[in-house]
Amino acid sequence: MIGFVGGQVPAGYSGHGKRVVSGRCRSIRKVSMEPVEKIGVSDVSGLNSIPEEIWERALGGSKFEKVKAEKDGSEMWKEIYVYAEKVRNGEITYQDIDSDDLNIRYKWAGLFHRPKATPGRFMSRLKVPNGILNSEQLRFFGEFIGRYGDDGCGDITTRMNIQLRGIVVEDAGDLVDGLNAVGLTNIQSGMDNVRNLVGSPIAGIDPHEMFDTREICKDIDNYITGDRKGNKEITNLPRKFNICVSGSRDDFAHTHINDIGLKPMKNEEGVMGFNVDIGGYFSSKRAAHSISMDVWVHPDDVVAFCRAMLLVFRDNGERKDRQKSRMMWLVEKWGLEKFRSTVEERMGKTLAREAKAGPEFDTPFPRRDVLGVHPQKQEGYSWVGCRVPVGRLFAKDFFEMADVADKYSDGEMRLTVEQGIIFPNVKNEELDTILAEPLLKRFSPVAGNVTRGLVACTGSQFCPQGIVDTKGRAVRIADLLEEELDIPELVRMHWTGCPNSCAQVQVADIGLMGAKARIPGVKGPVDGVDIYLGGKIGENTELGTLYKKGVPAEPEFLIPALKEIMIERFNCTEKKS
Numbered sequence: 001m002i003g004f005v006g007g008q009v010p011a012g013y014s015g016h017g018k019r020v021v022s023g024r025c026r027s028i029r030k031v032s033m034e035p036v037e038k039i040g041v042s043d044v045s046g047l048n049s050i051p052e053e054i055w056e057r058a059l060g061g062s063k064f065e066k067v068k069a070e071k072d073g074s075e076m077w078k079e080i081y082v083y084a085e086k087v088r089n090g091e092i093t094y095q096d097i098d099s100d101d102l103n104i105r106y107k108w109a110g111l112f113h114r115p116k117a118t119p120g121r122f123m124s125r126l127k128v129p130n131g132i133l134n135s136e137q138l139r140f141f142g143e144f145i146g147r148y149g150d151d152g153c154g155d156i157t158t159r160m161n162i163q164l165r166g167i168v169v170e171d172a173g174d175l176v177d178g179l180n181a182v183g184l185t186n187i188q189s190g191m192d193n194v195r196n197l198v199g200s201p202i203a204g205i206d207p208h209e210m211f212d213t214r215e216i217c218k219d220i221d222n223y224i225t226g227d228r229k230g231n232k233e234i235t236n237l238p239r240k241f242n243i244c245v246s247g248s249r250d251d252f253a254h255t256h257i258n259d260i261g262l263k264p265m266k267n268e269e270g271v272m273g274f275n276v277d278i279g280g281y282f283s284s285k286r287a288a289h290s291i292s293m294d295v296w297v298h299p300d301d302v303v304a305f306c307r308a309m310l311l312v313f314r315d316n317g318e319r320k321d322r323q324k325s326r327m328m329w330l331v332e333k334w335g336l337e338k339f340r341s342t343v344e345e346r347m348g349k350t351l352a353r354e355a356k357a358g359p360e361f362d363t364p365f366p367r368r369d370v371l372g373v374h375p376q377k378q379e380g381y382s383w384v385g386c387r388v389p390v391g392r393l394f395a396k397d398f399f400e401m402a403d404v405a406d407k408y409s410d411g412e413m414r415l416t417v418e419q420g421i422i423f424p425n426v427k428n429e430e431l432d433t434i435l436a437e438p439l440l441k442r443f444s445p446v447a448g449n450v451t452r453g454l455v456a457c458t459g460s461q462f463c464p465q466g467i468v469d470t471k472g473r474a475v476r477i478a479d480l481l482e483e484e485l486d487i488p489e490l491v492r493m494h495w496t497g498c499p500n501s502c503a504q505v506q507v508a509d510i511g512l513m514g515a516k517a518r519i520p521g522v523k524g525p526v527d528g529v530d531i532y533l534g535g536k537i538g539e540n541t542e543l544g545t546l547y548k549k550g551v552p553a554e555p556e557f558l559i560p561a562l563k564e565i566m567i568e569r570f571n572c573t574e575k576k577s
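Numbering follows full-length UniProt numbering, in which position 181 of the sequence shown is assigned residue number 181; successive positions increment by one, without gaps.
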């Protein structure tokens with residue numbers, strides 16, 4: 001079996017020229033890069049990344065398991081360069097690339113083909129542990145997508161991450177090399193891999209911080225990505241996997257919707273470590289709130305713990321029915337006690353049981369809003385949190401953000417799970433100056449009580465799963481609600497284009513999920529939404545539930561439905577005309 005890059009991970013491991021091209025389709029002629037056995041243990045087979053005892057189960061699994069068995073997705077780390085050169089030299093077009101490589105395996109190299117919306121162009125999902133970026137990285141984003149003109153843009157995601165759009169095959173190698181040059185990667189960011197590591201957006205500067213999540217997120221990410229070289233030990237998981245680290249009682253990282261959620265808590269000896277929640281996830285068939293694993297993990301053991309969890313999932317997770325292949329299904333199949341003991345056995349260590357909360361937790365701690373200007377724990381400094389409308393960014397935005405970061409925040413900028421940005425370490429005497437910057441007029445620290453909590457996924461504009469357009473519609477509806485209602489408190493509104501819920505509608509006060517609807521007298525279905533209510537975040541989390549199905553998404557139908565909810569549940573009132 002192929003192991004971790006550089007050998008097995010010890011128990012206490014800790015890792016601290018531009019071209020404009022056409023995206024038009026050309027003639028199709030299928031070519032094969034190199035001969036590969038269709039099913040079997042060739043040198044490139046994904047079976048080499050899993051133990052022999054589960055080969056039979058993998059070979060009898062879903063279509064995706066067979067694709068992985070034929071050739072491991074990690075092969076694309078090398079082959080994207082070959083494909084890029086062949087396309088650049090005119091030997092092939094993107095359409096000639098093996099369809100399983102193009103539409104599935106490319107995702108192991110962080111590249112997602114969007115054949116319906118943008119044929120021949122890719123989205124690249126990066127790895128930005130804890131959502132922390134520097135000005136050099138921001139400028140690289142601007143330079144790279146800038147070469148594509150109107151076809152290039154970026155998005156902030158709900159995992160403190162960046163997605164870059166408009167990329168073409170011949171530039172894929174340039175992207176990977178460019179990311180590596182600025183200390184980033186997009187390796188193992190899609191398909192059956194571990195997603196971006198989420199932490200606290202105000203780590204290290206938070207006056208109420210319990211644990212600084214920055215280094216531990218980097219350490220976990222270094223294991224997952226093999227220090228940005230790739231980790232074949234975990235390239236063949238049964239399904240995707242999410243890990244987050246919370247740094248305060250606010251739980252900015254949303255531990256309740258991650259496969260592993262690490263929550264800071266002191267043990268009886270006063271040592272700060274983590275209680276662990278497991279199994280949270282969203283899919284088109286199920287929304288699962290995480291459960292307590294009833295373990296406490298010392299910070300020095302976190303990487304080894306995450307590795308053990310991933311290997312137990314890799315070797316035992318469901319591989320036939322992808323609707324039942326997330327980790328929670330394995331926990332429920334085995335029961336918590338067997339699952340926990342198997343992880344401990346794999347880790348080679350018995351874990352302490354969950355630490356009990358101290359008396360200070362008896363006092364409620366409402367989740368804070370990081371948008372706006374807030375004093376840091378460092379005297380004389382503040383962070384400035386800004387709203388980026390539904391997370392959409394263009395080349396000029398990346399350049400301006402880099403300039404502001406260099407001028408005011410030591411070249412650093414952070415991302416939030418609400419698709420916002422934070423400039424940390426701003427000197428208090430420079431607050432008036434930064435607030436007067438043109439960028440902060442566009443991405444304002446001050447916003448209305450709907451727009452400040454507005455989140456939207458990509459939607460049908462770019463995503464093949466998207467049933468409806470989300471980003472443009474979300475902004476329009478939020479603006480109309482703020483024009484027509486007095487809204488006294490924050491109302492967190494999330495829009496997602498399909499039931500996969502990438503925008504996490506179940507955590508929102510009001511969630512809108514893309515669906516089809518009908519209008520009396522109109523032939524056929526129209527764009528609509530299913531409305532979810534009741535999501536709660538912070539310490540006492542709850543998932544929202546379905547309130548109303550099939551509301552047409554046009555303002556004349558949706559605005560009255562939302563106004564009724566906001567008046568009844570959020571103390572809103574109609575503005576006087």
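Simulated from the structure, these hints should not be mistaken for lab results.
Predicted model, so just to flag it, every value in this text is computed and none were measured.
Note that the Cβ used here is the ideal one computed from N, Cα and C, for glycine as well.
Please note that a few of the clues may not be correct.
Label-pair restraints from in silico Cβ distances [claimed, not checked]:
(1) Glu379 <-> Lys407: 43 to 49 Å
(2) Lys229 <-> Gly534: 49 to 55 Å
(3) Leu59 <-> Pro119: 42 to 48 Å
(4) Glu85 <-> Pro555: 28 to 34 Å
(5) Lys441 <-> Ala561: 45 to 51 Å
(6) Pro555 <-> Asp315: 49 to 55 Å
(7) Phe394 <-> Glu429: 43 to 49 Å
(8) Glu136 <-> Pro375: 38 to 44 Å
(9) Arg518 <-> Ile567: 22 to 28 Å
(10) Lys396 <-> Leu546: 36 to 42 Å
Using the Cβ atoms, figure out if Pro555 sits within 49 to 55 Å of Asp315. holds (51 Å)
Is 22 to 28 Å a correct range for the gap between the Cβ atoms of Arg518 and Ile567? holds (26 Å)
So the hint says 38 to 44 Å: do the beta-carbon atoms of Glu136 and Pro375 match that? Cβ of Glu136 to Cβ of Pro375: about 28 Å, so the range 38 to 44 Å is violated.
Does the hinted range 43 to 49 Å hold for Phe394 and Glu429 at CB? Violated, at about 31 Å.
Evaluate the given range 36 to 42 Å for the C-beta pair formed by Lys396 and Leu546. holds (40 Å)
Regarding Glu379 and Lys407, is the given constraint of 43 to 49 Å on their beta-carbon distance met? With a Cβ separation near 21 Å, Glu379 and Lys407 fall outside 43 to 49 Å, so the hint is violated.
Just to be sure I understand the hint, the distance between the Cβ atoms of Leu59 and Pro119 should be within 42 to 48 Å; is that true here? Violated: the Cβ-Cβ distance is about 32 Å, outside 42 to 48 Å.
Taking 49 to 55 Å as the hint, is the beta-carbon distance of Lys229 and Gly534 inside that range? Violated: the Cβ-Cβ distance is about 44 Å, outside 49 to 55 Å.
Does the beta carbon distance between Glu85 and Pro555 stay inside 28 to 34 Å, or does it fall outside? violated (49 Å)
Could you tell me whether the CB distance from Lys441 to Ala561 stays inside 45 to 51 Å? At roughly 33 Å between Cβ atoms, Ala561 and Lys441 fall outside 45 to 51 Å, so the hint is violated.
Against the hints set out earlier in the document, violations occur for numbers 1, 2, 3, 4, 5, 7, 8.
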